[in-house]
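Chains as they are written, first to last, in our numbering: chain W, 1 to 349; chain E, 1 to 353; chain V, 1 to 287.
There's no promise every hint is true.
[As the list claims (entries may be wrong)] Reference listing, derived: stretches of chain V covered by chain W, where coverage requires no fewer than 3 residues with Cβ under 8 Å from a Cβ of chain W:
id, region
1, 8-19
2, 57-70
3, 229-237
[What the hints assert, rightly or not] Pairs of lysine to any residue residues, derived as SDA-like cross-links and limited to a Cα-Cα distance of at most 20 Å, are as follows:
id, chain 1, residue 1, chain 2, residue 2
4, E, Lys344, V, Pro146
5, E, Lys223, V, Leu147
6, E, Lys353, V, Lys281
7, W, Lys130, V, Ala56
8, E, Lys140, E, Lys40
9, E, Lys155, V, Lys281
10, W, Lys296, W, Phe328
11, E, Lys223, V, Gly233
The set of hints was computed from the structure by calculation and includes no laboratory data. The beta carbon of each residue, even a glycine, is placed where N, CA and C say it ideally should be.
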Amino acid sequence: MGNILEVKNVSKYFGDFTAVKDVDFVVEEGGFFSILGSSGCGKTTLLRMIAGFLHESEGEIIIRGESMKGIPPEKRPVNIVFQTLALFPMMNVRENVAFGLKRQKLDKTEIDSRVNEMLSRVGLQGFEKKKVTELSGGQRQRVAIARSLVMKPSILLLDEPLGALDRKLREHMKVELKLLQKEIGTTFIYITHDQSEALVMSDKIAVMHEGQFEQIDTPRNLYKNPKTAFVAGFVGDSNRFELSSQEAESLTTTGGWTVSKPGIEKADLMFIRPEALILYPTEGDNDFEYFDVTIKTILFDGSNTKLSTIVNGSDEELLISLPQNAQFESLQEGDSIPIGIHRDDLKCY
Amino acid sequence: MFMKKVLLGAIVVALSSSAMAKETLKIITWKGYAPKALVKQFEKETGIDVQVTYSNNEEMVAKLRATRGAGFDLAQPSQDRITAVQKKHHIYQPIDYSKVNTDQLITSMVDAVKKNTNVDGKGYGVPHVYGTTGMIVNKKNAPDAKDWSDLWNPKYKGKISYRLKRPILIATAFGMGEDPFALYGDKAAYQKLIDKVEKKLIEAKPLVKNYWTSGDTQVEIIKSGDADVISGWDAKGWSVHKINPDIDFIAPKSGALGWIDTFAIPAKAKNVEGAYKWINFIMKPKNAAMITNASNYGTASKDASNFLNEDIKADFERSFSKEDIDNIKWHPPVPDGFESIEAKALDRIKAAK
Amino acid sequence: MENKKSFNVTFYLLIVPVLLWLVLLIVLPHIDLLVSSFKIENDNGDMVFSLDNYIAFFKHKIYWLTFVKTAAYAIGVTILAFVITFPIAFYLTKVISKKNAAFLVLLLLIPLWVGELVTVYGWMVLLGDHGIINHFLMTLGIIDKPLNMLYTNFSMIIGLLYMSMLFMVVPVMSTLESLDDSLIEAASDLGASKWAIFTRIIIPYSMPGIVSGAIIVFMLVIGDYLAPNILGGKSSLWFTEQIYNEFLSTFNWNEGAAFGFLLLMLSSGIIWLALKLSGQKLEKVGS
Numbered sequence: 001m002g003n004i005l006e007v008k009n010v011s012k013y014f015g016d017f018t019a020v021k022d023v024d025f026v027v028e029e030g031g032f033f034s035i036l037g038s039s040g041c042g043k044t045t046l047l048r049m050i051a052g053f054l055h056e057s058e059g060e061i062i063i064r065g066e067s068m069k070g071i072p073p074e075k076r077p078v079n080i081v082f083q084t085l086a087l088f089p090m091m092n093v094r095e096n097v098a099f100g101l102k103r104q105k106l107d108k109t110e111i112d113s114r115v116n117e118m119l120s121r122v123g124l125q126g127f128e129k130k131k132v133t134e135l136s137g138g139q140r141q142r143v144a145i146a147r148s149l150v151m152k153p154s155i156l157l158l159d160e161p162l163g164a165l166d167r168k169l170r171e172h173m174k175v176e177l178k179l180l181q182k183e184i185g186t187t188f189i190y191i192t193h194d195q196s197e198a199l200v201m202s203d204k205i206a207v208m209h210e211g212q213f214e215q216i217d218t219p220r221n222l223y224k225n226p227k228t229a230f231v232a233g234f235v236g237d238s239n240r241f242e243l244s245s246q247e248a249e250s251l252t253t254t255g256g257w258t259v260s261k262p263g264i265e266k267a268d269l270m271f272i273r274p275e276a277l278i279l280y281p282t283e284g285d286n287d288f289e290y291f292d293v294t295i296k297t298i299l300f301d302g303s304n305t306k307l308s309t310i311v312n313g314s315d316e317e318l319l320i321s322l323p324q325n326a327q328f329e330s331l332q333e334g335d336s337i338p339i340g341i342h343r344d345d346l347k348c349y
Numbered sequence: 001m002f003m004k005k006v007l008l009g010a011i012v013v014a015l016s017s018s019a020m021a022k023e024t025l026k027i028i029t030w031k032g033y034a035p036k037a038l039v040k041q042f043e044k045e046t047g048i049d050v051q052v053t054y055s056n057n058e059e060m061v062a063k064l065r066a067t068r069g070a071g072f073d074l075a076q077p078s079q080d081r082i083t084a085v086q087k088k089h090h091i092y093q094p095i096d097y098s099k100v101n102t103d104q105l106i107t108s109m110v111d112a113v114k115k116n117t118n119v120d121g122k123g124y125g126v127p128h129v130y131g132t133t134g135m136i137v138n139k140k141n142a143p144d145a146k147d148w149s150d151l152w153n154p155k156y157k158g159k160i161s162y163r164l165k166r167p168i169l170i171a172t173a174f175g176m177g178e179d180p181f182a183l184y185g186d187k188a189a190y191q192k193l194i195d196k197v198e199k200k201l202i203e204a205k206p207l208v209k210n211y212w213t214s215g216d217t218q219v220e221i222i223k224s225g226d227a228d229v230i231s232g233w234d235a236k237g238w239s240v241h242k243i244n245p246d247i248d249f250i251a252p253k254s255g256a257l258g259w260i261d262t263f264a265i266p267a268k269a270k271n272v273e274g275a276y277k278w279i280n281f282i283m284k285p286k287n288a289a290m291i292t293n294a295s296n297y298g299t300a301s302k303d304a305s306n307f308l309n310e311d312i313k314a315d316f317e318r319s320f321s322k323e324d325i326d327n328i329k330w331h332p333p334v335p336d337g338f339e340s341i342e343a344k345a346l347d348r349i350k351a352a353k
Numbered sequence: 001m002e003n004k005k006s007f008n009v010t011f012y013l014l015i016v017p018v019l020l021w022l023v024l025l026i027v028l029p030h031i032d033l034l035v036s037s038f039k040i041e042n043d044n045g046d047m048v049f050s051l052d053n054y055i056a057f058f059k060h061k062i063y064w065l066t067f068v069k070t071a072a073y074a075i076g077v078t079i080l081a082f083v084i085t086f087p088i089a090f091y092l093t094k095v096i097s098k099k100n101a102a103f104l105v106l107l108l109l110i111p112l113w114v115g116e117l118v119t120v121y122g123w124m125v126l127l128g129d130h131g132i133i134n135h136f137l138m139t140l141g142i143i144d145k146p147l148n149m150l151y152t153n154f155s156m157i158i159g160l161l162y163m164s165m166l167f168m169v170v171p172v173m174s175t176l177e178s179l180d181d182s183l184i185e186a187a188s189d190l191g192a193s194k195w196a197i198f199t200r201i202i203i204p205y206s207m208p209g210i211v212s213g214a215i216i217v218f219m220l221v222i223g224d225y226l227a228p229n230i231l232g233g234k235s236s237l238w239f240t241e242q243i244y245n246e247f248l249s250t251f252n253w254n255e256g257a258a259f260g261f262l263l264l265m266l267s268s269g270i271i272w273l274a275l276k277l278s279g280q281k282l283e284k285v286g287s
């Protein structure tokens, strides 16, 4: 499939402040593309430029091969689901969804059939006459998405639409949104600061930091092989170490823990995922680093239970995921246990 | 009825509690009839606290009617507006002429007012000031305007103004050669005359710039040049003359309308003695002259002329020849029900295109 | 318990003067007026119960026509007030900064500080044949004869607008303030033109504010006395003037009372009708 969106070296300045700096990427047709970053990183600015509410200072945005220079929001083949949802409070569900089609002066029967189809698709049939103010959070969410999707946009832009929902509902909507996108095949560009949302739903994720893209990759690669220290720290849980010295193939942390990693170039930081650490490893593999730790506390959290430990012979703390099988139930605070890790999982930057 | 008593009771309690401390005299009157300087002097001489409310004939009657003659110790209605209201609403009490120092008043005026305010053999008014309603004319633009009939002279189209109240009906009747006062005894004939006057004024409406509504708007419309021929009060005309010598008051050929404003004592006045004190005080020649000098209104005080400014006399002589004075049409008391005839006609004139 | 009791005492102490004021000075006089509006004087000079005062209104063309004219002007002024002030309210809430807006609203309040009579005289000075505007236009040579502006329906409408406009601005501003900008963006994103955004989103959204503003303006204008009387010219018989005349010229208080209640009922009826037609509810407007 071809690229539906091309963003070419786009920058945006507000006076002296650079909100978006030289961002360059493409989105494939039918993909679920997320832009992940903390608040103030420039992701909303980027989205508003794609929608046409802001004009890029430099660079160009191309949708379906057409430059969007000078094209106002109402003429662009994109639609946006706002963070606040921006449902029209004085209209009922049907009127909200039909709003855009009516602006196109389509005839009534076509509007009716498209609205009905969209409402049944998002599971809102029977709610046509309800005031949007009478709906639950999840239902309002669906109205907002239906209102945009009924326009058959080339791209649907979503600006943290799950932000206002409670946790349970958010988990549910994540799955629903992903399925909906798969079903209708519209390209989604999804903006969020919540990595779990991005990881669950996206085909591709761009991690944005201080106006720039750090890495664009599949969720798996992003997690497994973060290209920058920022991505490593931002996506998923990690143990983070500052390195004080580096000799030949061995690295020493500021806390006095030394590990060996062959073929490493100059590095300042090291990241280790808690689940990459193996308890009671079978020793003897040359690709593995073996060491002992002492258990400080056990942080019980169901399937997400972790051990907080100190690496023996150093001051470094290390969080280790605890697999939930009976084998490790006897572990107690103060126990010293052997740990192994594949040297590829020592991520140095 | 019960409610009214409760309401009045509450108001009376509220008012009297504040009035206990000092003897007060409450006067409802026209602007200029109770100047501050005289009020101060009176308060100093008698120790009575004077409270003045400014009003006009219509409101004076309305206020006194609402309280059945309470709330004020002295009112100053025009002499022709007393008998009809008194017969119906009993809002005044008879004047005890023995308490009025009539020696300092013009005897003929006292007698005339006594007669014109007579209800059941008792007089209800003492004359205070008098004046005339005539025309105020910009002599540069309208040198030939001489009579009431010029208020519907097409020559002055768009430059005419008058107040749409009963005096203009009377004036129009005189201008048409009729004598409305002669018909005061015959309601049907009066109705017919007013119908004729109404027709005339509706016909003449396109000529009118605007109807003025108060002493201030009357002065404003002639002074600003928006109108050149208007009905007006002598004192107002003379005051504009001082600013613009082209403008002056004239006595219309068919007769200026004379009015006399009186002192009358409301039925439920609380300080009747104070009211008489005020009347006798204000009519002292020097005090009466002071009011006339400031306002240009004629006074019923006999010897006030000794204290009048020269220009006041000059104003009067400029506007009134001996003939004009004799021709002044003094308002006789308005019979009951006549004002309603007039008001309906006035409404129709105002509403007409 | 003790606490609650003392609260009750304080509560009643506070509420009693208000109630007394309401009942003694507003409710009782109104009831008295209402009763007197149903009385006429018979040939013997006695007051008897009758509907004649109300019948007179409908029987005499001059009375009901004056009311119809007054109401029509009031509706017109209300619409004009909306047309003129809506862009102002929009500008103040959506275009400029809050700080500048506060200052400009303060400027809008000035006519209220000086009072209606003063502003009415101010318009006389401005609009007269020899007034400032005519003088200015003639000096510039744009006209050679003064425009007849004062004492016309034009000057009356200006005066009425000037005293009532602000009461439209304030409620409209308060609804516009609550209008989320993303609603406008969403509409534009869905392909709505500027005009469609205005008519489909902004106006319907501000409807509660517009309606409450319109009710206040309509009531103020239909009940006004000064502007029609002084600025209004020779044919501007306003219904309030008719009431005034009944009380003060004709001395027919009973008729005047009936007219007063007719004004209250008929203008309330017009508002009720307008609410029905625009699909608004009073309780929504009030909130």
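So, going through the hints one by one against the coordinates:
no., hint, in the structure
1, 8-19, "violated (count 0)"
2, 57-70, "violated (count 0)"
3, 229-237, "violated (count 0)"
4, Lys344/E - Pro146/V, "violated (35 Å)"
5, Lys223/E - Leu147/V, "holds (18 Å)"
6, Lys353/E - Lys281/V, "violated (39 Å)"
7, Lys130/W - Ala56/V, "violated (50 Å)"
8, Lys140/E - Lys40/E, "violated (43 Å)"
9, Lys155/E - Lys281/V, "violated (57 Å)"
10, Lys296/W - Phe328/W, "holds (15 Å)"
11, Lys223/E - Gly233/V, "holds (18 Å)"
Of the numbered hints stated above, those contradicted by the structure are hints 1, 2, 3, 4, 6, 7, 8, 9, listed in ascending order.
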